[in-house]
Structure formats: C-alpha cells, structure tokens
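There are 2 protein chains.
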Amino acid sequence: MNIGLLGYGTVGGGVDRILREDPALKVTRVLSLFSTEEMASRYTDRAEDILKDPAIDTVVEVLGGIHPAYEWISEAMRAGKNVVTANKAVVAACYRELVSLSREMNVSFRCTAAAGGGIPWLTSLERVKKNDRVEAVFGVMNGSCNYILSEMEKGGSFGAALKNAQALGFAERDPSADVDGPDTLRKLMISSCIAFNGYIAEDEIPCRGIRTVRTEDLAFLKEKGLKLKLFAYAAEKDGKVAAAVEPAAFPEGSALAGITKNLNLIGCRLQYGGTLTFTGEGAGRYPTAENVVRDLRDVAAFRPAFYADGLQPLHVDNTALKRIYYVRTSAEDPFLEKITAEKDGAYIKTLPVSVPEMHAFLSSLEADGTPVFAAAVPEEEAYA
Amino acid sequence: MNIGLLGYGTVGGGVDRILREDPALKVTRVLSLFSTEEMASRYTDRAEDILKDPAIDTVVEVLGGIHPAYEWISEAMRAGKNVVTANKAVVAACYRELVSLSREMNVSFRCTAAAGGGIPWLTSLERVKKNDRVEAVFGVMNGSCNYILSEMEKGGSFGAALKNAQALGFAERDPSADVDGPDTLRKLMISSCIAFNGYIAEDEIPCRGIRTVRTEDLAFLKEKGLKLKLFAYAAEKDGKVAAAVEPAAFPEGSALAGITKNLNLIGCRLQYGGTLTFTGEGAGRYPTAENVVRDLRDVAAFRPAFYADGLQPLHVDNTALKRIYYVRTSAEDPFLEKITAEKDGAYIKTLPVSVPEMHAFLSSLEADGTPVFAAAVPEEEAYA
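Protein sequences appear in the order of chains A and B. Position one of the first sequence corresponds to residue 142 (the working numbering), numbered consecutively onward. Position one of the second sequence corresponds to residue 142 (the working numbering), numbered consecutively onward.
Excised from the complex, chain A in its bound form (with noise of 0.2 Å):
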C-alpha cells in the first residue's frame, strides 16, 4: 500500500512514526506547510502531489477542519483512492457526500479514530449491528471535558482546569469545539448515523457544554452521590430519534460516574445482544494514529466500506425524552417555577421535563446575561 499524508500534526506524525518500520505499508508522501528532516524527499507543499499520483491508492486525511479537508477527501476519492481519516468535523458536516462517493467509486472510506479516539468503536458497532438492532449509543466522549470536570471535583476552577488540560494536551488552544459541546455532538452524530444506518443532522440534536460548570455545582452534586460528565445519548424507534448533548449528573459507582481524566466510556444497547460499552484513550497522539494504522490494515486486508450505508434522513423527535434537572439560577421566570419539584439551596430540582424545552430556556437565560447551570439526571436506561 502506498500511502499519501494529508497533514504532519499530532495524529499524522504519529501514524508516520508507526508506520516507519513497516515494510507493506509505505508513506510515500507527506503534504505539510513545512519540511521536517523526518519527510525527507516525500515533503510537499502541494496536496495534487498526492491526489494525482497513480502510484498512491490510499490517502490518510489529518487535516481537521471542514475546508479543504472536503475538497481533497473528495477529489482523493474519485481518483479510486481509498481515505482513512481522524476528523470528525469533515465527516459528520459531509456525511452523505462522502458516504455515498465512497459507495459510486467503490473505494474504502474509513474513520475509526474520528470518535472515541483508540476506542475499537466504530469498528465494534459496525460489527454488532450487523446481526441486532442498535435501540441506543451514549456516552462520555470527549476526554477534554472529562478531564477539566475531573480537575474541578478537586476544587479547582474551570479556567484553571481548562489551562491544566491544555498544557497536557488534552484541549486545543481554541477550546470551544471540546467544551461548548461540537466535538461530542460530531462524534454522537457519526455513531448515530452508522448505528441507526441512516442521516441525523447535526443541528437537530440539542447541545450544551460545560462553560458555566462551576466548582460548587460539583460539590453540590457530590453531596447528592452525584458525579457530572457531558453526556451523548441518542436513541432510535419506529424511525424516530432522540438525541441529546448536555452536562448530566450519574451516581458514584455507575460505570459512568467511574470514568475520570481524558478517559472516554462509548456504549450501545442492543435489541437481544444486551448493552455493550468501551473505554479507553479518547485522544492523544497514539490512540488516535493507532486508529488511523488499523483502518489502513483493514484496508489493506479486505477492504471495507463505510461502516454503513443508509443516508435516508431520521429526524431527531425528543417530544418524548424527559429528564429531571438541578438548576442554579437567580431568574425568576414563571417557566422554572412551572417546573419545581423543590429547591435545595441555591438549586432547584425540576420536574421530567423536555430536553429541548429546557435548552430553550437556559439559552434565552443566556442570552439576557443571566448565570446558569443545568445538570440532567438521566434515566438509568440511557446508559445501562
């Protein structure tokens, strides 16, 4: 196999790096803004030294990011290329383009590390849904957030625990994407599509983040035997879906409540085979260009495609998906009044009440410049 590399970051150095004693699997060219002595003659600055030479038949995307990630995924495909790629992004905003170009090119088109990092999930959901029905995924899937809140019920505050994450290497400099919910939602997405085999779009399911997590809220919870992690559930009935990001409180010694620093906790529930869950490094430069290398012997070997192919839309109902909250707020609003079942302190513990819904009501919270926070104590059969 003769291999070219989009991109010489993080996760592509590290693919080069596993790949270098490996005498079938061969980086023949390396696309960078610069040359490293590790490029040697395979450097170029010019991604058509990759996408148009025949001698390459699989090309590795690491870029990240959308554009142009698109563009040459794209046009890598359509010359017969098979792509294996680590970005979520590109993926989950391009799904039915790239799924369905992989199929009319008949090419292998792979993204194993683009949700859970190292985990074998997107490899192992491909292969369990192949004989039951996936009712739900869920999870903990991104290991920034999970580190900053792990940090916090130290007692540190978010900046600093944020700062901690980054200089680890656990969060990017631009944190948004790990901390206001995209990068989970993207990996929630990609699963959801391929275990429901079928398009949920990315803006119908409803996201929040950790930003307005304090240290107390977590302390709070604590005395509750509560502990907060950012939570993807999305399950699928009779076409319908119901999806959700947000931070979600879980009882000590629950299997999620247990998943502390970088760590990730990916699982599905099963029709018969009962619920199936994965943990491991959902980041980092080896997990994640390990991912990337055994996508490229997959390739190799049998040359697999897509994990699924069903791009009919499913649209995201959560008119049914109810859950209790602990809000900290100083707004009055006949809403959450509405909603009580009690205040405790400076919280208020809601009725069951619709995802959506409430989102709608902490963002209009927000926008006024009125401080929130929300944790949703989920049904224990969206994770168990």
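Watch out, some of these pointers could steer you wrong.
As the list makes no split between identical chains, a pair holds if one copy fits it or if it spans any two.
Below, computed lysine to any residue pairings styled on SDA-like, alpha-carbon distance capped at 20 Å [unchecked claim]:
1) LYS363 - PRO392
2) LYS270 - ALA165
3) LYS271 - PRO164
4) LYS271 - GLY154
5) LYS167 - PHE443
6) LYS271 - PHE443
Hints in this document: simulated from the structure, not taken from any laboratory.
Once you have looked at the hints, place chain B on chain A.
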C-alpha cells in the same frame, strides 16, 4: 455460505434463529441428538453428513467439551471448511493443534464467542495488537460467578445464589467449571495466547475459584470499601508471563467493582495506546449466538485467519507477581505468621506475597480440610 451446525442447544438454536431470514448465510444441515420441527429436513444424527458434505463450506461447532469437538473441528478443517466455534474448552485444550491446522489448511478459524460471550473482545484485541504491544489482559470473565457474588452481597448464601443463577440459566447444572475457575482460566489463556502471540499452557496458570466465599467475607470487604470479583490477569514482559485467576477485591468506584449481575469486563493495557476495556453480557443465548453469527459474516466477507499465529511456548513465571491478601482461616501456621501484616477480627491482612506461594499454602490447608478464604488486593496497575 452453506453452514453445517454441530449442536443445537442454547447457542446453536440461537444461531439458527438469527440466520433464519438470511439468504446469504444458510444453515443447510443440523447435527443434534434429536430432531425438532425447526430443523425439518436439515436434521441429521451423523456428523459425517456435515463433515463429508462438499456443499458445506463452513462448520459451526457449539457442542461444548473437548471430544468429539476436537476431532470434528479437525476433520472439517482438513476438508477445507472454515470453522466457527463458541467452545472455549476445546480451543483452550487444543489451541496449538487447531491454530496450526487452520493455517496449514488455509481456512478461517474463529471463536469470538468463546471469550466474553457477546463482547467484541477477541476481534478488538486482534485489531489493536497489530500495531502496539499488549502488556496485559485482565478482567472479570465469568458471568455466573459475578452474578453469584452480586447476589451474595445482598446477603444470600453461596448455595442460594448458585441456585438462583442456575434457575436463570446463568450457571450450568454442574457449576464447577464456573465457580472453581476453569472457565475463567480458559478465557484468560485464549486471550493471553492471542495478546502475546504465543502458547501458554493452561496448567501453568494458578487458578482458584469462589466456592469458599461466605456472605460474611463480602460484608467484611464492604467495610473496607472493597468488592470481591473472580479476577483474571496476565502480563507479558521479555517473553515471560505473569498470570493468575483468583478472587480479588477492588475499591468501590473502580470499574471492576462496578461490574455487577452477569456482566463481564475485559480489558487490555497497550504499550502506547493506553488501557482499553470492554463490558457486556458474557453469556446467554443471544449475546453468544450473535458473536458466532458475526464471526460467520466476517468469514463470508473476508475469510480472516485465526486471531494470532504465534505458537512458540511462553512460560508462566509468577515470581514477581506479589499481592496483598485478606485471609480468613482458623489455622495457625508458621507461613501465615511470617506473612501477616495485621490481624483484623477473623481476618489476616498479609504482606505482599507471591501468588503461587499463596495458592500452594491455601491448597495445603484445604487438603487438610481446613476452611479458608483469601481475597487478593491487586495493585491498581493490574487493572487500569
């Protein structure tokens, strides 16, 4: 694919039911002791009707036990047929013979359901080890024992919990393979051979079960914030393997302590990729049958070989595997005195002691008819 099914019990019947609607994977012949309506004209009571039928390309062996499973699997492979089995006893006992025969005959040999029931464990292990070194495999690999211990935590006796487990189909009528450890031992052995790419003899691994556990032992551990599990562990370094199966106590809040009911948790520690864990139902009709069917789909799609091909012996050397134990016994013994760190009611907490030495000591007490219970306290690096 034309499939011959050797055995029509819980798993075999499940496989047949899952494949009933599948035009690509046809069960054309069924070997069973008796005929049922479901088998119709596919029924036979002669193995040769499957093994000698040139139209059958793939054999599923779900008889259990070593003989005649070994002979029939071998004959099928020699006839050029692919083999899928869920039978951990025969895979463990005849590992070298079966793996080398499958390579010699260039047929697929798959047994994903033999370790972890419905969990995609062996397929994930196979995939991740291709570009990383597996340092250790570990986990709770027997659903019956885990169910029994979970029931006993609620206050029941071992006998009552065992009866419940049998009534629910989580334990066999003869429960010794589950409760005395051999079932766990076989899964550990198969996982280790694949992970470390060599042959580890079952009888080199020290193994104790949970038969001597009393309700009071679990209550004592609970006061220490610990939960008891039947724990399997194997690590490889410089060609030497440290491995053991024994009851072990884990701190509440840890992933292993949180594994209740009939669930399994299996994991591996990679040199670069961090620790990966997998949970799910380790037994039961559909979880197990689904993994058999997934193996069949893999064979139909890309004819994978066995998960590893290394057969050179890797010897167990446990001299460096030392653990602290909680021991309950009325015996007074110079060895026990030597290793005592402190006394705690009816229990002795030991200094770190070599696992095989401890097992030998416990066996010698049991040989004298002295009641004894011991729970190891593995170091965190054994399971994280």
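Here's how the hints hold up against the structure:
1. LYS363 - PRO392: both (9 Å within a copy, 18 Å between copies)
2. LYS270 - ALA165: Between copies, since 17 Å is at most 20 Å while 31 Å is not.
3. LYS271 - PRO164: between (33 Å within a copy, 14 Å between copies)
4. LYS271 - GLY154: Between. Shortest inter-copy distance 18 Å satisfies the 20 Å Cα cut-off; intra-copy 34 Å does not.
5. LYS167 - PHE443: Result: close within a single copy only, 17 Å intra versus 23 Å inter.
6. LYS271 - PHE443: both (17 Å within a copy, 15 Å between copies)
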